[in-house]
Amino acid sequence: MAAFRRSLGIRHLVCGSCNGCEHEMNALNNAFYDITKDGWDIVASPRHADVITVTGPMTVAMREAAHATLEATPAPRVVIAVGDCALGEGPWAGAPDAGAGAVIELGATVTVRGCPPTPDAIKAALAEAARHADKD
Amino acid sequence: MTTTRASGAEIFRDRVAEACADGVPLGAYADDHALHYLFLAAQGPYALSHRFDETRIAKAVSGACPALAWDEREMAQERAVHFEDLPDPRPFRWHDGAMPPAVVAHGSGLMHFVVGPVHAGIIEPGRFTFSSGGETLVHLDAQLGYSYRGVERALEGGSAAASAPKVARICGGCSASHSFGYALALEALAGVRVCAEVDLARLVIAELERIYNHVADLAASSAGTGWGVGFARGMALKEEAMRLCAIAGGHRLLFDAVVPGGVAAFALDDRRRIAVEVVKLESHSERFVHALFGNASVSSRWQNAGVLGREIAHALGAVGPAHRASHGTVDVRTFAPYGAYRDLPARVARATGGDAMARCHVKRDELSESFRLIREALALLGDAALPPPLALRAGTGTALATVEGPRGAETIALRIGAGGRLERFHLISASYRNWPCVARAMDDNIVPDFPLVNKSFNLCYACADR
Numbered sequence: 121m122a123a124f125r126r127s128l129g130i131r132h133l134v135c136g137s138c139n140g141c142e143h144e145m146n147a148l149n150n151a152f153y154d155i156t157k158d159g160w161d162i163v164a165s166p167r168h169a170d171v172i173t174v175t176g177p178m179t180v181a182m183r184e185a186a187h188a189t190l191e192a193t194p195a196p197r198v199v200i201a202v203g204d205c206a207l208g209e210g211p212w213a214g215a216p217d218a219g220a221g222a223v224i225e226l227g228a229t230v231t232v233r234g235c236p237p238t239p240d241a242i243k244a245a246l247a248e249a250a251r252h253a254d255k256d
Numbered sequence: 015m016t017t018t019r020a021s022g023a024e025i026f027r028d029r030v031a032e033a034c035a036d037g038v039p040l041g042a043y044a045d046d047h048a049l050h051y052l053f054l055a056a057q058g059p060y061a062l063s064h065r066f067d068e069t070r071i072a073k074a075v076s077g078a079c080p081a082l083a084w085d086e087r088e089m090a091q092e093r094a095v096h097f098e099d100l101p102d103p104r105p106f107r108w109h110d111g112a113m114p115p116a117v118v119a120h121g122s123g124l125m126h127f128v129v130g131p132v133h134a135g136i137i138e139p140g141r142f143t144f145s146s147g148g149e150t151l152v153h154l155d156a157q158l159g160y161s162y163r164g165v166e167r168a169l170e171g172g173s174a175a176a177s178a179p180k181v182a183r184i185c186g187g188c189s190a191s192h193s194f195g196y197a198l199a200l201e202a203l204a205g206v207r208v209c210a211e212v213d214l215a216r217l218v219i220a221e222l223e224r225i226y227n228h229v230a231d232l233a234a235s236s237a238g239t240g241w242g243v244g245f246a247r248g249m250a251l252k253e254e255a256m257r258l259c260a261i262a263g264g265h266r267l268l269f270d271a272v273v274p275g276g277v278a279a280f281a282l283d284d285r286r287r288i289a290v291e292v293v294k295l296e297s298h299s300e301r302f303v304h305a306l307f308g309n310a311s312v313s314s315r316w317q318n319a320g321v322l323g324r325e326i327a328h329a330l331g332a333v334g335p336a337h338r339a340s341h342g343t344v345d346v347r348t349f350a351p352y353g354a355y356r357d358l359p360a361r362v363a364r365a366t367g368g369d370a371m372a373r374c375h376v377k378r379d380e381l382s383e384s385f386r387l388i389r390e391a392l393a394l395l396g397d398a399a400l401p402p403p404l405a406l407r408a409g410t411g412t413a414l415a416t417v418e419g420p421r422g423a424e425t426i427a428l429r430i431g432a433g434g435r436l437e438r439f440h441l442i443s444a445s446y447r448n449w450p451c452v453a454r455a456m457d458d459n460i461v462p463d464f465p466l467v468n469k470s471f472n473l474c475y476a477c478a479d480r
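Residue numbers (the numbering used here), protein chains in the order written: chain A, 121 to 256; chain B, 15 to 480.
For the record, the hints were derived by calculation from the structure and aren't laboratory data. Fair warning: there could be bad hints in the mix.
These stretches of chain B come out as covered by chain A in the derived footprint (C-beta under 8 angstroms, 3 or more residues) [as the list claims (entries may be wrong)]:
id, stretch
1, 105 to 115
2, 166 to 179
3, 264 to 270
4, 312 to 319
5, 390 to 402
Distance ranges between label pairs, derived from CB positions [said to hold, decoys possible]:
id, chain 1, residue 1, chain 2, residue 2, range
6, A, E191, B, A112, 35 to 45 angstroms
7, B, Q317, A, D240, 51 to 61 angstroms
8, A, G214, B, N318, 42 to 52 angstroms
9, B, S63, A, G214, 23 to 33 angstroms
10, A, G234, B, G308, 52 to 62 angstroms
11, A, E191, B, R29, 46 to 56 angstroms
12, A, F152, B, R29, 47 to 57 angstroms
Built from N, CA and C at the ideal position, the CB exists for glycine as well.
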């Protein structure tokens, strides 16, 4: 259970997602997946966060706010790219106002594929982030 | 010559304004050659079009018909249409590295504060600028565009047939509706109609999308009042609905369940199990709705919160539950029936209060109606096999399709050129239509009620921004 030893404050950052990933991120709080049982919580401010989950290809209009959010998050922190768009592989990669996704643009070190990824896949990525956080 | 052109533009402007006053405006877009203003008639959507010359000069309709304000500002920014008389000449969205300035109210004792684009919850990005006197809101400017990916230009130039999976991924919450509209438009261009069985399967898929969305909206509207139990129960119910979507359409959000020419190969495969799950979900839904609407604390917060008056709803071109909760009568499923809705008419849910309560009432009634429609469609479908998608011959020309999504009319306009390439693609989503209504519904409300009022609409950003 070492992976779950560390509690995580999670701040979610939407950077041009279709909202599909948000439907699944929201499912993490429902009675079926309830991440609070793992000691994890979606927090309201990056100031309270250990993990930033990022969705979407990164739009031109969101870039500045996304970097500001990241900078507002205390270290150590883990950035997770959630969904194909955040990995730079989604349907809008190459669209006029779409960027390269969170791996390239925000240095995400944990990734979870899917369009959207299932809540279980996102939970596995959070567990991986918890392990990363333990090493820091 | 200039005078002649200007008067032509004026005549067109007046003709569109008249159609807006008498009919059901859906929105407007421009392509390389012309302006297109779309309306809904009993036979389906139609366009009033006006060719402009190389100057691209046009007269704004939104002075007379404020419903089209966003459309015309967007045409000006994205398609270089030179409206000489836009009531709001600000850029529509992010421009030259900044958001356009927000509109604020000035006066003694008024203060301004900005929320967003990053919000506290798991929500899409938008910037809300509040002008308030104490707790009372005087003006709200909702500025979106942070999710603008350039979807339309990304699609244009691509193969129309191969673009269906992308169209399904413009907006996660309205995916099936957009796929449905896209399929209808392509089928109209190809001159084909899918069989009755496919029509019924599409109805089931579209109503499942309405169910999971309406349940989520009601749950969020409970959260807006601070009733956590209602929120938790509603979100658990939404999870059950998404699992049913996965069983019926192969995807928890129904991505690619409707395809041009048909439905996904595996759609509605296990019909016996689907029927059982639908009955179970309906029973859980009834219990949730009973608890939610029986809670006096919830009702008292919903009542009179975020009133969207009949006149303003009409002037702003509200659609869907927001329109029908403010005296509106239009539901595309019955107003301009398509597919299986021709033979299985939906009972239109309506309310008159225009407040959060009325919007929740409409969604509650639509929810039970969706279950009825699905049960009837499944009964009619029986064990009939669903044929594989029709191969669509690449037609050329322009096509329009409007379907009733969970949030209202979803219109797809497209033009296909040689080789089946998309020359123009435009989506007018229900959220795009309704966002200006959210801002006006907040007038004179207290600022702390914004989450509640906002969630009673529960609009998307992704399909408004595109």
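Hints, one by one, checked against the model:
1. Counting residues of the stretch 105 to 115 of chain B whose C-beta sits closer than 8 angstroms to any C-beta of chain A gives 3, which meets the bar of three, so the coverage hint holds.
2. Requiring three or more residues with a Cβ within less than 8 angstroms of a Cβ of chain A, the coverage given for the stretch 166 to 179 of chain B holds, as 3 such residues are present.
3. Three residues within the 8 angstroms Cβ limit are the bar, and the stretch 264 to 270 of chain B against chain A gives 3, so the coverage statement holds.
4. As drawn, the stretch 312 to 319 of chain B meets chain A at 0 residues by the rule of a beta-carbon pair under 8 angstroms; below three, the given contact is violated.
5. Residues of the stretch 390 to 402 of chain B with a Cβ under 8 angstroms from some Cβ of chain A number 0, which does not satisfy the need for three, so the listed coverage is violated.
6. Taking the beta carbon of each, E191 (chain A) and A112 (chain B) are about 19 angstroms apart, not inside 35 to 45 angstroms as hinted.
7. A hinted range of 51 to 61 angstroms for the beta carbons of Q317 (chain B) and D240 (chain A) is inconsistent with their spacing of about 40 angstroms.
8. Checked against the hint of 42 to 52 angstroms, the C-beta distance between G214 (chain A) and N318 (chain B) comes to roughly 48 angstroms, which is consistent with it.
9. Taking the beta carbon of each, S63 (chain B) and G214 (chain A) are about 31 angstroms apart, inside 23 to 33 angstroms as hinted.
10. As the Cβ distance of G234 (chain A) to G308 (chain B) is approximately 38 angstroms, the hint placing it in 52 to 62 angstroms is violated.
11. Between E191 (chain A) and R29 (chain B), the C-beta spacing of about 53 angstroms keeps the proposed range 46 to 56 angstroms intact.
12. A beta carbon spacing of about 54 angstroms between F152 (chain A) and R29 (chain B) agrees with the range 47 to 57 angstroms that was offered as a hint.
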